[in-house]
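Undergrad: Once you have looked at the hints, place chains B and C on chain A.
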Amino acid sequence: MTDQRFDEQQPQEPSAGGMAPTPTFGGVTQHSGPIAEVGEPTELSLTWESGVELKTRSQWQYALIRFLRHRLAMGSLVVLLGIFAVAIFAEQIAPYAFDDIDLENINAPPTTAGNHFFGTDMLGRDYFSRVVFGMRTSVWVALVVALLSTAIGTAIGAIAGYFGGWVDNILMRFTDLILTLPGLAILLVAAVYFGAGDPLRVAIILALLFWTGIARIVRGVFLSLREKEYVEAAKASGSGDTRIILRHMLPNTVGPIVVNATLVVAAAILTEAGLSFLGFGIQPPNPALGKLISDGQSEGLKLWWLVTFPGLVIVIIALAINFIGDGLRDALDPTQRRIRA
Amino acid sequence: MLTYILRRLLYSIPVLIAASFIIFSFVSIASNPLAFLQMQPQISQETLQLIAERKHLDEPIPVRYAHWVKEAVTERFGTTTIGDRPIWPDLRRVMGNTAQLIITAELIAVFLAILIGVYSAVRQYSVFDYSATTFSFLGLATPNFWLALMLQVLVVNILERYDIRLFYVSGLSSVDPGTGLQFFLDRAQHLALPVFVLATASIASYSRFMRASMLEVINSDYVRTARAKGLNERKVIMRHAFRNALIPLVTLVALGFGGLFGGAIVTETVFSLDGMGFFFIQALGDGDPYPVMAWLMITATIIIFFNLVADVVYGILDPRVRYD
Amino acid sequence: MPSGEPVLSIRDLTVEFTTEDGIVHAVSGVSYDVYPGETLGVVGESGSGKSVSLMSMLGLIPTPPGKIVRGQALYRGRDLLKLKPKELRDIRGGDIAMIFQDPMTSLNPVLTVGEQLSEAIRAHNPSVREKEAFDRVVELLKLVGVPNPDRRAKQYPHEFSGGMRQRAMIAMAIANSPSVLIADEPTTALDVTIQAQILEVLKAAQRETHAATILVTHDLGLIAEMADRVIVMYAGRVVEVGDVMTIFSNPRHPYTTGLMESIPKLGGQDEWLRPIPGQPPSLISVPPGCAFHPRCFLSNGRQRCRTEVPPLRPIDERDHLSACHFAEELIGNESGTGLRGREEVA
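Residue numbers (numbering that gives the first Met the number 0), protein chains in the order written: chain A, 0 to 340; chain B, 0 to 323; chain C, 0 to 345.
Chain A on its own, in the form it takes in the complex:
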């Protein structure tokens, strides 16, 4: 067989779970010499030859495409954006202030008169507005919880996973210990003794419980990556620990972290609602959906809207977030049907 010139584009194969180094596009002109290792830029061959054209996409683009295909997730994304819009522009959207009392109109069922779409409560306050403001608080708290717990969890998980050994041991025992305690109970104790009431405090308390899930996941990824060659290579070339963690390992955890963070948002909304319902969460004057429900409890039988609407809103938000989380999970690590030839 004689030496041949082959003008072909070498497609880049994204490694499973890893960030491949910047793809090199270009034809490989084959001489009687070493063939360029896939993925490594070499002095030969960066000329763009025409030939068999193969489209290459980066790993993230594939994920995006898969996500866009997930109809349920896309629909939920639209719903969620709508909810965010309402939450942000609550003042403009809500026809009344949260505390506006209208003693003429108490206990009115939902009606279009006077824009009381969700009716009014025992003090004549417009329920639609109350729900809207409550929604804003809930969403805000949930996002803060997700952010904080992700930060804490990632830090702890990364340290445990990267250093391994006794550091890992201690941190994981500690995490396990937290898991042996009943979550809601601990939150309640914290709320009572460290003081709740305003959204930020509630968010912090919740975050201090929710970090464990993310810590586990990040630790798992780090532990498996430690053994990979490119980490060893980085170490051998003298990179410091921080650099290795940040540049090489952390990007691999983004996928699972994002999925988990989404689920934390949903869980946080539900948990915060529960806390507020029991009276230990967000308290007046701050609006809270859970508190609305507990306030409406006594009259709930006749004035059904007092309990129904805030709960329905919670369900819709949580549902949308869960669908999105599901879509993200499918997009970021799809379970391929193995087709072996």
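Hints were generated in silico from the structure; no laboratory data involved.
Take these hints with a grain of salt, some might be off.
Unchecked claim - Chain A stretches covered by chain B per the calculated footprint, using a threshold of three residues with CB under 8 Å from any CB of chain B:
#1 188-199
#2 265-273
What the hints assert, rightly or not - Here are the simulated BS3-like pairs of lysine-lysine, each with C-alpha atoms no more than 30 Å apart in a straight line:
#3 LYS234/B x LYS81/C
#4 LYS83/C x LYS66/C
#5 LYS264/C x LYS234/B
#6 LYS234/B x LYS153/C
#7 LYS83/C x LYS234/B
#8 LYS141/C x LYS234/B
#9 LYS130/C x LYS85/C
#10 LYS234/B x LYS85/C
#11 LYS81/C x LYS66/C
Everything numeric in this text was worked out from a predicted model, so none of it was measured.
All C-beta atoms, glycine included, are put in the ideal place defined by N, C-alpha and C.
TA: Positioned in the frame of chain A, the structure of chains B and C alone reads:
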């Protein structure tokens, strides 16, 4: 197998001790048992002083911890700060009630979740599968207290409209529940709704997990080998796929014990059941840390114990783990 | 040369998979025969369709994404693709048995090895009792060279080493004295030192059962060692068929030639390895005409290669088939990969 169990048992003990210390420190640091009392004008300074001494409140945490442990073991958690009521009898009573609620709910949930999960996996993409998935998503998105309230509203409305009492919406038993079978039925009618609410949350997550686990196993190499051997499909699913798929579920259920107590807290509050959840909320409201600590300690012990049970079950199902 | 009637005849087998990216043409119009007692090697890269064709024949391909579009698979006159599930099950593991690639994951971790083997026996012989089956299991384990078979049979797969697990898999496959034994990459997942042992076990199994063996692999050394005849597959199609000596010394298809050239040779002059340039095609968008033409040194862009699918036809010998329009041009181009070693032994 026996060594495995023993090892797990021995491992649980330091966990228990560590948990007790954390519970004690956590609650003690944050709370001030005298705060509530100090606000009552009729209680004199001397009484407060006496109480402080008796509860060793002026000493450092580790010492107080030692006192507490001693009191817990010898005097069954001692007494409340206010009213000097023994903690244990109340706690024991409510434990029994909550046990009925939680155990029933969890057993039903696990059983149904396995059925639903396996069937969904075997008949993937069928109508059943899609419906089950939809219900699971709904179940995971619904706050349990809200579901409880909605059910209450529904049942009461039916009662008022049609005069049919399907279930009770509050309390553990009617005023005169009778004995034997009658008592049992009465209790069942009272617990039906709370059990339903608790079970729903569990079923939603367990069934999805079981389905995923089952799907993964069905596509595994050893199931392919089982098919290649010429076994009929039922054997392949039940003997090879199912047992393997069950294993990770054990871990999930074990991890969920903590959440069960949280669910109980909320459900008992809504349905006014005299259980641990109710007890806990009361204790928190009273501002007295001792019942709270006792409660947390008991709960942690129960959770650790059930984790141990889960480990044993895991060892029975998965021989690889026994020789750890 | 093989004689008599084939025990297995595959004709025009075409299998497709529907995926979210499009339809994967895993197997396209594959035809070949297997004769009693012979060892047929099936060679090809991953994605060539070598495993799928056999697994689909046995009904082991999940049929939501997969679909057998057309074809026949005649086993002793019966078309496997038309059998009812129960009938196919009787043949699976009984007349036709399969050994899979990865022994680590191919055995159920929660059942003992003995239980899994006796299951195979009793699935096809329901009247056999447990004790009898267990005795047979011990016999089989001894046959494949597992030491202390009676003790080992009661152990779990994780207590076996990789090589021993594969021996157990082989034992399971021959438990019911099959007429056809399919070994799908039986040594790929094993250490090199173990590979040789497993090959010996396979040979012993063949001797014991007189079964025809279909050996699927990408390892040419394995083919040289074990096969009587060889089928070369590429992109879901058969590109060359012939007996093993001819294939190695006189390949008549550019792909086969490329494969032979890519084997590192001891004492060779070249300093660089010579892989076949390019990548195997995507099975979703298979190149028109001959699937190999984009990488083919013989084609040189000739139009016929780009438009016409080359049929599998005899080249210079009745039993040597090649799917290349210009196979004749390869005559006289002996690449001499040297099966000399084997010739000497033979």
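Undergrad: Each hint should be assessed against the structure and marked as holding or not.
TA: Now for the hints, and whether the structure bears them out:
| no. | hint | verdict |
| --- | --- | --- |
| 1 | 188-199 | holds (count 5) |
| 2 | 265-273 | holds (count 4) |
| 3 | LYS234/B x LYS81/C | holds, 23 Å |
| 4 | LYS83/C x LYS66/C | holds, 16 Å |
| 5 | LYS264/C x LYS234/B | violated, 50 Å |
| 6 | LYS234/B x LYS153/C | holds, 21 Å |
| 7 | LYS83/C x LYS234/B | holds, 18 Å |
| 8 | LYS141/C x LYS234/B | holds, 27 Å |
| 9 | LYS130/C x LYS85/C | holds, 26 Å |
| 10 | LYS234/B x LYS85/C | holds, 13 Å |
| 11 | LYS81/C x LYS66/C | holds, 13 Å |
Of the numbered hints stated above, the single one contradicted by the structure is hint 5.
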